[in-house]
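Novice: With the hints as constraints, model all of the structure from the sequences given.
Heads up: the sequence lines are chains H and X, in that order.
My numbering puts the first sequence at residues 1 to 111.
My numbering puts the second sequence at residues 1 to 113.
Just so you know, the hints here were simulated from the structure itself, not pulled from any lab data.
Owing to the predicted nature of the structure, the values given are computational and were not obtained by experimental measurement.
Glycine included, each C-beta is placed from N, C-alpha and C at the ideal position.
Any given hint might turn out to be false.
Covered stretches of chain H, as calculated for chain X (at least 3 residues, CB under 8 Å) [unchecked claim]:
id, segment
1, 44-53
2, 99-107
Derived DSS-like pairs (lysine-lysine); straight-line CA-CA distance at most 30 Å [claimed, not checked]:
id, chain 1, residue 1, chain 2, residue 2
3, X, K100, H, K18
4, X, K58, X, K78
5, X, K57, X, K78
6, H, K18, H, K57
7, H, K57, X, K78
8, X, K100, H, K71
9, X, K69, X, K100
10, X, K42, H, K57
11, H, K69, X, K100
12, X, K58, X, K100
13, X, K57, X, K42
14, H, K71, X, K42
15, X, K100, H, K65
16, X, K42, H, K65
17, H, K69, X, K42
18, X, K69, X, K58
19, H, K71, H, K57
20, X, K69, H, K57
21, X, K42, H, K17
22, H, K18, X, K58
23, H, K18, H, K71
24, X, K100, X, K42
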Amino acid sequence: EAQVTQNPRYLITVTGKKLTVTCSQNMNHEYMSWYRQDPGLGLRQIYYSMNVEVTDKGDVPEGYKVSRKEKRNFPLILESPSPNQTSLYFCASSVIGNEQFFGPGTRLTVL
Amino acid sequence: ILNVEQSPQSLHVQEGDSTNFTCSFPSSNFYALHWYRWETAKSPEALFVMTLNGDEKKKGRISATLNTKEGYSYLYIKGSQPEDSATYLCAFIGGTSYGKLTFGQGTILTVHP
Numbered sequence: 001e002a003q004v005t006q007n008p009r010y011l012i013t014v015t016g017k018k019l020t021v022t023c024s025q026n027m028n029h030e031y032m033s034w035y036r037q038d039p040g041l042g043l044r045q046i047y048y049s050m051n052v053e054v055t056d057k058g059d060v061p062e063g064y065k066v067s068r069k070e071k072r073n074f075p076l077i078l079e080s081p082s083p084n085q086t087s088l089y090f091c092a093s094s095v096i097g098n099e100q101f102f103g104p105g106t107r108l109t110v111l
Numbered sequence: 001i002l003n004v005e006q007s008p009q010s011l012h013v014q015e016g017d018s019t020n021f022t023c024s025f026p027s028s029n030f031y032a033l034h035w036y037r038w039e040t041a042k043s044p045e046a047l048f049v050m051t052l053n054g055d056e057k058k059k060g061r062i063s064a065t066l067n068t069k070e071g072y073s074y075l076y077i078k079g080s081q082p083e084d085s086a087t088y089l090c091a092f093i094g095g096t097s098y099g100k101l102t103f104g105q106g107t108i109l110t111v112h113p
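Specialist: Here it is as structure tokens:
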């Protein structure tokens, strides 16, 4: 089944404790992206990747890192999480320029 | 940050009503506009990818039009059903960076039986 998977789905952590949210797709898509969703603000793009080893900032990249060492994986790294990074995070993938396929979401709470 | 606006923010209609909502985006440097449907507790799912001025796309009772010169797109739902209740999102992609998507805040549609 074609899909985008994210792990973990739910995470409660404390300020400053490094964490990684994994994202994997099995559709051989070149493009992958991370978004956060906050009430009243819609989906905002954090980082995206047009292909392996190519990443670019979205609108809200501060406090996040990404890497794209393999085509199928695009992890989101929070080196020192803060409470303002409490949010619902979505990973997505696509053929470049085409519709995006979203993962199930990761709900992160930073205390 | 680009300005992509959707209106109305929310909409309540009765089953059987037809409805439409708007996505406004920058009229310069256009590459594509996406529409997504997002049901509560699920992930957004693509409805349409629109690239050409004057594009009209249709999927069942849902259709969309695109005007890139004036910077807007309409989404229409004919004969709304309760299962159409969802948040409808548009996403603008500009011509300078094909990977960068800017989403509107969404229109929350509630269809009452």
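Novice: Does each hint hold? Answer for all of them.
Specialist: Status of each hint after checking the structure:
Given as covered by chain X, the segment 44-53 of chain H passes the check, having 5 residues with a CB less than 8 Å from a CB of that chain where 3 are the minimum. For a cut-off of 8 Å, the count of residues in the segment 99-107 of chain H with a CB near a CB of chain X stands at 7, and the three-residue condition holds. A distance of roughly 26 Å separates the Cα atoms of X/K100 and H/K18; the hinted pair therefore holds under the 30 Å criterion. For the hint pairing X/K58 with X/K78, the CA-to-CA distance comes to about 11 Å; that is within 30 Å, so the pair holds.
Proximity of X/K57 to X/K78 is assessed by CA-CA distance (about 14 Å); at most 30 Å being required, the pair is judged to hold. Our distance criterion of 30 Å between C-alpha atoms is met by H/K18 and H/K57, whose separation comes to about 20 Å. With a C-alpha separation of about 38 Å, the suggested pair H/K57 and X/K78 falls outside the 30 Å cut-off, and the hint is violated. Between X/K100 and H/K71 the CA atoms are separated by roughly 18 Å; this keeps the pair inside 30 Å, and the hint holds.
Restraint check for X/K69 and X/K100: satisfied, since their Cα atoms lie roughly 20 Å apart, inside the 30 Å limit. Among the hinted pairs, X/K42 with H/K57 is consistent with the structure: their alpha-carbon atoms are about 26 Å apart, no more than 30 Å. At most 30 Å may separate the alpha-carbon atoms for a hinted pair to count; H/K69 and X/K100 meet this at roughly 20 Å. For a cut-off of 30 Å, the pair hint linking X/K58 to X/K100 stands: about 25 Å separates their Cα positions.
Taking the CA atoms of X/K57 and X/K42, the gap is near 24 Å; set against the 30 Å cutoff, the hint holds. The suggested pairing of H/K71 with X/K42 holds, with an alpha-carbon distance near 25 Å, which does not exceed 30 Å. Proposed proximity of X/K100 and H/K65 is supported: the alpha carbons are some 16 Å apart, at most 30 Å. Proximity of X/K42 to H/K65 is assessed by CA-CA distance (about 26 Å); at most 30 Å being required, the pair is judged to hold.
Restraint check: the Cα-Cα separation between H/K69 and X/K42 comes to about 28 Å, which is no more than 30 Å; the hinted pair holds. In summary, the hint linking X/K69 to X/K58 is supported, as the alpha carbons are separated by about 21 Å, within the 30 Å threshold. As the CA atoms of H/K71 and H/K57 are separated by approximately 18 Å, the hinted pair is consistent with the 30 Å bound. A threshold of 30 Å between alpha carbons decides the hint, and for X/K69 with H/K57 the separation of about 28 Å falls inside it, so the pair holds.
A C-alpha spacing of about 28 Å is found between X/K42 and H/K17, which places the hinted pair at or below 30 Å, so the restraint holds. Distance check on the hinted pair: H/K18 and X/K58 sit about 45 Å apart at the alpha-carbon level, beyond 30 Å; violated. A distance of roughly 24 Å separates the Cα atoms of H/K18 and H/K71; the hinted pair therefore holds under the 30 Å criterion. A threshold of 30 Å between alpha carbons decides the hint, and for X/K100 with X/K42 the separation of about 23 Å falls inside it, so the pair holds.
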